[in-house]
Amino acid sequence: MTVIECQNVKKRYMGKNALESITFQLEDKKITGLIGRNGAGKTTLLKILAGFMKESSGEVKVFSNNPFNNLCVSENSILVDDQMSFPDTLKLTEILMMAPSFYPNWNAELATGLFEYFNLDAKQQHSKLSKGNQAMFNAIFGLATRCSLTMFDEPTNGMDEAVRTDFYRALLKEYIAYPRSILISSHHLAEIEHLLEDILLIHKGKVVFHQSLDEVKEYAVGIQGPTEKVEAYINQQEILHTKQLNRELQYTVVRKDSSMKYEGVTIQPVSASDVCMYVTSDTKGGIDDVFK
Amino acid sequence: MNLNADSTKPIYIQIAEWIENEIIAERFLSDGKVHSQYQLADLFNINPATAAKGLTILVEEKVLYKKRGLGMFVAPEAKIMILEKRRSETLTRMAMDLVLEARRLSVSEEELIHLIKKCEEE
Amino acid sequence: MFLSKSSLGKVVRAQVRFKMTAYMGAVLSLIVVQLVGLIISLNGTGSMGTSIDNISIQVNIVTHDGVFMFVAIWALFVGNLITTKAYRYDDFSFVTTRLSGNIANIIILCMVSVFAGVTTFLSNYLLRVVLLLFGSSSYLKSPGILENPLSSYLNVMVIIILILTAASAGYFGGMLLQKSKVFMVLIPAFIIAIPVTKSGQAFLAYVFMENESMLFLLVKLVSITIILFALAIVTSNRLEVRA
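Residue numbers (the working numbering), protein chains in the order written: chain A, 64 to 355; chain B, 7 to 128; chain C, -4 to 238.
By construction, these hints were calculated from the structure, which means they are not laboratory data.
A virtual CB, placed ideally from N, CA and C, is assigned to each residue, including glycine.
Heads up, a few of these hints could be off.
[What the hints assert, rightly or not] Computed far set for chain A versus chain C, every beta-carbon distance over 10 Å:
no., residue
1, PHE126
2, SER148
3, SER164
4, TYR341
5, VAL342
6, ASP345
7, PHE354
[Stated by the list, open to error] With a cut-off of at most 16 Å between alpha-carbon atoms, the simulated EDC-like pairs for lysine to aspartate or glutamate come out as follows:
no., chain 1, residue 1, chain 2, residue 2
8, A, LYS236, B, ASP48
9, A, LYS236, A, GLU172
10, B, LYS68, B, ASP37
11, B, LYS59, A, GLU254
12, B, LYS15, A, ASP184
13, B, LYS59, A, GLU278
14, A, LYS191, A, ASP151
15, C, LYS80, A, ASP151
16, A, LYS117, C, ASP60
Start from the sequences, fold in the hints, and give me the full structure.
Okay, here's the thing in structure tokens:
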């Protein structure tokens, strides 16, 4: 079953095209990483999917409904981000007590368990929490709703290293216990890679690719060797990234072509996060180009 | 339990190899049940789909067999098959790498054989 | 995939319960407002004095109009307050649509207005007790519930509806402000225009003066309130959140 369907979605926002053209489908019960650089449109896309914003054109369907002002979508989805707000008149525990009347699948045991594990203060107000604790509380809230579509926008912003690891572990365990569709955005793929089944890479408001993680890892290869040999191999192919290591040695990343046989050069796999970085960069040499 | 995330080997291959190792070490016995994809996911902190892929490889190689609704089980000849495969594939490939590296370092054939013998004695 | 399906009614009920707890602060501020109004009212709104021979008579007219004015302004602010980002965003951390959030807000404003109206009406009696205990008057005369129950009930109703009308005006104005900052200028201009322009005066006269009975006034006020709330719902139906 399809959870999300986006067809040529555009969004004009603050006088700019935040989304140019987004088309993809999300299948049920997968953990998908929404990857892209800052300003790629990740947050705008998530807000449209959550029904917070309205698309300017194109078709958006979540559970076969347009999410804007749809009760079914609101009830079965949640977007966790650092703008989540709760009334100051409520203590954290009171917020958790309110939740089950909205979310029928609410897992109170999980919420209190995580709440205590992360040492959150029950009597505290949400807005008085530190950035890290606020992010943690929001994430706990999102996990405990057990919504069929659970979306996280940079959920670990502000969390320290140990807490991040714990959160990702909790996310995976909760997913195993109660599989649901999870869309998690990050500009730091390496950190969430182990959790993911699929990757949706967007750049400048467009989908670059939507593939399984294994496909992304096979997307490109790095060829390293004497410059003239490397260049002989790459003349036909699209260069994703290139770097002159010294006078004779060159390292170039190209799309993988398994029919190619390489000799006299070494072939290296390119990690998923490097693939995402190279295909979304405007220059082929990265920052080194500036210092040429 | 840790996998080598930086390894050039895909995670699902590493999962398959881990199960094979367990079978060789007889921690998974013939006709015994192996971990489900969810147990593996929990154990190695990976996506269940990745774990499932590792299991699927072994089912295709007939190292494991499926019982509907019960899970995955170790095939009776699994251990022999794995050892056979490793001998023919892995060992050959490693020997190949060894020979290539020796050539690059201009180690003669005799020296190489001597080296291998020395390793065996230790 | 199993999707849970709640009705609009169920979600609104949950939202009202949530808001009742969350907006307690705003309701409590009412008590402060009423006390201030009360203290100001103690001075009386009018007085006249005569003296016959050596006896001088001082008549003080004391009403709870002051309390009411304060409460009406308070209602205007509360209506406005709950349209602000902080309050609207809180809704979207839970299950909501713009419609359900609006309905829940309107129900809350109705409940608050009833509470404010009844307490304002009763402040009249508090005023009497205070005057009796601490005032220097020797004789107090005022209409009571027992003397004319029907008129008293109607009085309470009118007070409640007036407060609600103020709240709905605040609510609609607030939503306009959320929509565009242009209304920061337009709304004050509009408020000034009402008592100054001919048609504005005619409107005020139609609503407040030309009534054959209290019931007419009630019906007119209720209609205005409904129109204001409906406009607020239409205005806010495309507002974006966490934008």
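Here is how each hint holds up against the structure:
The claim that A/PHE126 lies off the interface is violated: its Cβ sits roughly 6 Å from the closest Cβ of chain C, which falls inside the 10 Å cut-off. In this structure A/SER148 is not separated from chain C by more than 10 Å, as the shortest Cβ-Cβ distance comes to only about 4 Å. A beta-carbon of chain C comes within 10 Å of the beta-carbon of A/SER164; the shortest separation is about 4 Å. A/TYR341, annotated as away from the interface, keeps every beta carbon of chain C farther than 10 Å; the closest lies near 32 Å.
No beta-carbon of chain C is positioned within 10 Å of the beta-carbon of A/VAL342; the least distance is around 29 Å. With a cut of 10 Å on Cβ distances, A/ASP345 stays outside the contact zone with chain C, its closest approach being about 28 Å. For A/PHE354, the condition that its CB be more than 10 Å from all CB atoms of chain C holds, with the nearest at approximately 39 Å. For the hint pairing A/LYS236 with B/ASP48, the CA-to-CA distance comes to about 7 Å; that is within 16 Å, so the pair holds.
This hinted pair checks out: A/LYS236 and A/GLU172 have alpha carbons roughly 14 Å apart, not beyond 16 Å. With a CA separation close to 12 Å, the supplied pair B/LYS68 and B/ASP37 stays within the 16 Å bound. The suggested pairing of B/LYS59 with A/GLU254 is violated, with an alpha-carbon distance near 21 Å, which exceeds 16 Å. The hinted pair formed by B/LYS15 and A/ASP184 fails the criterion: a straight-line CA distance of about 44 Å is larger than 16 Å.
A distance of roughly 13 Å separates the Cα atoms of B/LYS59 and A/GLU278; the hinted pair therefore holds under the 16 Å criterion. As the CA atoms of A/LYS191 and A/ASP151 are separated by approximately 9 Å, the hinted pair is consistent with the 16 Å bound. For the hint pairing C/LYS80 with A/ASP151, the CA-to-CA distance comes to about 13 Å; that is within 16 Å, so the pair holds. A distance of roughly 46 Å separates the Cα atoms of A/LYS117 and C/ASP60; the hinted pair therefore is violated under the 16 Å criterion.
When each numbered hint is compared with the structure, violations occur for hints 1, 2, 3, 11, 12, 16.
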